[in-house]
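Novice: Residue-level listing of the chains:
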Amino acid sequence: MSKESQMRAAINQKLIEMGERERLKELLRAKLIECGWRDQLKALCKEVIKEKGIENVTVEDLVAGVTPKGRALVPDSVKKELLQRIRAFLAQHST
Amino acid sequence: MSKESQMRAAINQKLIEMGERERLKELLRAKLIECGWRDQLKALCKEVIKEKGIENVTVEDLVAGVTPKGRALVPDSVKKELLQRIRAFLAQHST
Amino acid sequence: EEARRKEAFLDQFSGELCAKISDEVLTESIRATAEAEIRLALEEKAACIARCSAEECDSIVEETLAEQLAAMTQDILDNELRRICKFIK
Numbered sequence: 001m002s003k004e005s006q007m008r009a010a011i012n013q014k015l016i017e018m019g020e021r022e023r024l025k026e027l028l029r030a031k032l033i034e035c036g037w038r039d040q041l042k043a044l045c046k047e048v049i050k051e052k053g054i055e056n057v058t059v060e061d062l063v064a065g066v067t068p069k070g071r072a073l074v075p076d077s078v079k080k081e082l083l084q085r086i087r088a089f090l091a092q093h094s095t
Numbered sequence: 001m002s003k004e005s006q007m008r009a010a011i012n013q014k015l016i017e018m019g020e021r022e023r024l025k026e027l028l029r030a031k032l033i034e035c036g037w038r039d040q041l042k043a044l045c046k047e048v049i050k051e052k053g054i055e056n057v058t059v060e061d062l063v064a065g066v067t068p069k070g071r072a073l074v075p076d077s078v079k080k081e082l083l084q085r086i087r088a089f090l091a092q093h094s095t
Numbered sequence: 001e002e003a004r005r006k007e008a009f010l011d012q013f014s015g016e017l018c019a020k021i022s023d024e025v026l027t028e029s030i031r032a033t034a035e036a037e038i039r040l041a042l043e044e045k046a047a048c049i050a051r052c053s054a055e056e057c058d059s060i061v062e063e064t065l066a067e068q069l070a071a072m073t074q075d076i077l078d079n080e081l082r083r084i085c086k087f088i089k
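Protein chains in written order, with our numbering: chain A, 1 to 95; chain B, 1 to 95; chain C, 1 to 89.
Be aware that one or more of the hints could be misleading.
Residues from chain C that face chain A, not an exhaustive set, calculated with beta carbons under 7 Å [what the hints assert, rightly or not]:
hint: 1; residue: Ser14
hint: 2; residue: Leu17
hint: 3; residue: Cys18
hint: 4; residue: Ile21
hint: 5; residue: Thr33
hint: 6; residue: Arg39
hint: 7; residue: Ala41
hint: 8; residue: Leu77
Honestly, the hints are just simulated from the structure, not real lab data.
What you are looking at is a predicted structure, and each value in this text was computed from that prediction instead of being measured.
Where is the CB? At the ideal position from N, CA and C, for every residue including glycine.
All chains should be modelled from the sequences, with the hints used to inform the complete structure.
Specialist: Here you go:
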């Protein structure tokens, strides 16, 4: 196992053990609601359902239909904030 | 036309096309006889005629006079049965 | 040199982790939202059908009562008039 792989495994373990991974996910979920992403996604789903008719849409169809736009709608500021939190955690715990 | 109006029109059309609307009316007529509604209404009409005098009553007056009571005298169980029949029909024929 | 390499590694790892976490959360959220919206649309449709059925039921009752009452009152009045005519004769 290379030194880098060892480091990755150690950091991943630390992230999980310290509950930081779950906190990061929670933070992102909260940010997605706060910035209106979730409402935009809901509206997008409603549009697809309206267009195709509820009797012609499965969950899989809908997920496939809204995923590309849903991903594109995540604001850069949210991604940046998450990255900064991760970077700060790694800086603190990578020794 | 709103979505709800469209659905209402579609339901109405389906009931008519398949002859179910006429069957439901037939069922209702039979139930009205069975539960005594018809006899009660006849008696009511005769009362109104007696009270006002036949020379002062037209068909329209009589209908207008007895309609509220006629509505109120339709048993809830009959309306409920009718509604259940409509729902069952729609469940069976929904696309 | 060692410190610079470590920084570069941490930058890269942060980016990968960020992408992974984002992917997990977005996949979850999109699915949950899609499921909820489908459930909501189905509930709305069921409620709409229920309302339309009730309206249709009322309309059938009204129509039948109107027809029944019109025929019945006409019959009763005709009979009454016949009875009176017979009485006069």
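Novice: With 7 Å as the cut and Cβ atoms as the points, is Ser14(C) at the interface with chain A?
Specialist: holds, 4 Å
Novice: Let's test the interface hint: is any C-beta of chain A closer than 7 Å to that of Cys18(C)?
Specialist: With Cβ-Cβ at 4 Å, under 7 Å, it holds.
Novice: Under the criterion of a CB-CB separation shorter than 7 Å, is Leu77(C) in contact with chain A as hinted?
Specialist: At 51 Å from the nearest chain A Cβ, Leu77(C) fails the 7 Å test, so the hint is violated.
Novice: Verify the interface restraint on Ile21(C): the C-beta must sit less than 7 Å from at least one C-beta of chain A.
Specialist: holds, 5 Å
Novice: If you take the shortest Cβ to Cβ gap from Leu17(C) to chain A, is it below 7 Å?
Specialist: holds, 5 Å
Novice: At a threshold of 7 Å, is the proposed contact between Thr33(C) and chain A supported by beta-carbon distances?
Specialist: holds, 5 Å
Novice: Restraint: Ala41(C) near chain A, CB-CB cut 7 Å. Satisfied or not?
Specialist: Result: holds, 4 Å to nearest chain A Cβ.
Novice: Grab the minimum C-beta distance from Arg39(C) to chain A and call the hint holds if it beats 7 Å, violated otherwise.
Specialist: Arg39(C) check fails; min Cβ-Cβ to chain A is 9 Å, beyond 7 Å.
Violated hints, in rising order: 6, 8; the structure is consistent with all others.
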